[in-house]
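K.L.:
Please construct the entire structure, taking both the sequences and the accompanying hints into account.
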Amino acid sequence: MAKRGYPDHQPRIPPGWRLATVEKWPINTMHGPGLRPTDWHFKTSGQVRKPLSLPYEEFVQLPHITKKFDHHCIDGWSYLGNEWTGVDMNTIIEMTRPSEGVKYLHVEGENEYSATLPLGQELMLAFKRNGEVLPRAGGWPVRLVAPGEFGYKSVKWVQEVRFITEWEEDFWNKKLIGWGEPPIDPALNPWNVNNEERKAGLRKLFTHLLEEKRREKLERIRKSAGEIPA
Amino acid sequence: MNEAGGRPSFSLCRTSELQEGERRKFVVNGNEILLVKIDGEIFAVEPMCTHDGTDITRGKFDPVSGIIECQKHFARFDIRTGIPLVGPFGADGDTQPPLRLYKIRIENDHVHLEANQEWGVI
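Chains as they are written, first to last, in the working numbering: chain A, 1 to 230; chain B, 1 to 122.
Simulated from the structure, these hints should not be mistaken for lab results. Heads up, some of the hints might be wrong.
[What the hints assert, rightly or not] Covered, in the sense of this in silico footprint (three residues per stretch, anywhere, with C-beta under 8 Å from a C-beta of chain B), are these stretches of chain A:
#1 20-27
#2 71-81
#3 191-203
#4 209-219
Where a beta carbon is used, it is the ideal one built from N, C-alpha and C, also for glycine.
P.N.:
Right under this line is the structure:
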């Protein structure tokens, strides 16, 4: 069974996946972005000896690397060979010095989006793609790149990395993505997922999310019509 | 609201008002309904992409094949059946639920939207 969190699996595309059929970089933004932040700081918090708070200008001056990674969305498409420039998470770990017992990172973005990942996995906090500063929709100022994971773990619009000793449910765990139990379910590895279970799970999830959207829309319409007090 | 055969319904428009290939959106009790005329037949769907809820009223539409494409992540649906043909960015279509179809009937040159459909919100 392939291990999760490694970018060099063979075959290169998970079984059942298709190459994205678009020329432009496919940006899947279900939850944002919000307004462009004017006073963004990259922060670390939780069980660390030295919490960080760095403005954008200082963050991009940290030692950084450029590396190619493939992207695999749980929707079933892959986009290969994105060249990312950013700060290796190990650099942040050296600077912020997590306490003994820290096992996970809780990466927090805008709109309460988040991903929990095990410490020790290859992760990059990217601020450029293919040599260009990220567009806002693509994650500006900084987005996580988590190779070997599904794309939903690569949090856009990162604000904070919290170092924790116990697993915390992240955005999609809370939305009941439906496959197995945290902390580390090997079935969540893109290469190990049962494709039919994945599709059935997505249909169930989307049905639930659409119901939420319909309820919100109906409430907005009724509020604007004065049927429900605002 | 009209009563026909004991079934309440709403008249949305005259059938002759809709041109071939035309899309027209209506809002009834907070429900969005997109009427489309393809090869003389009228279809009624909820214009909401089942990937992330994007309004696909203005998505790319081929009135001959009846295929509509979401402008955000490019999922494609057969607007006559609601069946997803292609998922976002070219993924398999069967990761998504179908578009919601509304029951309509044509009577006296009017398109009637049937009330009390199974989801009970109209």
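K.L.:
Against each hint, give a clear statement of whether it holds in the structure.
P.N.:
Status of each hint after checking the structure:
no.: 1; hint: 20-27; verdict: holds (count 4)
no.: 2; hint: 71-81; verdict: holds (count 5)
no.: 3; hint: 191-203; verdict: holds (count 4)
no.: 4; hint: 209-219; verdict: holds (count 6)
Consistency with the previously given hints is maintained throughout, with no hint failing.
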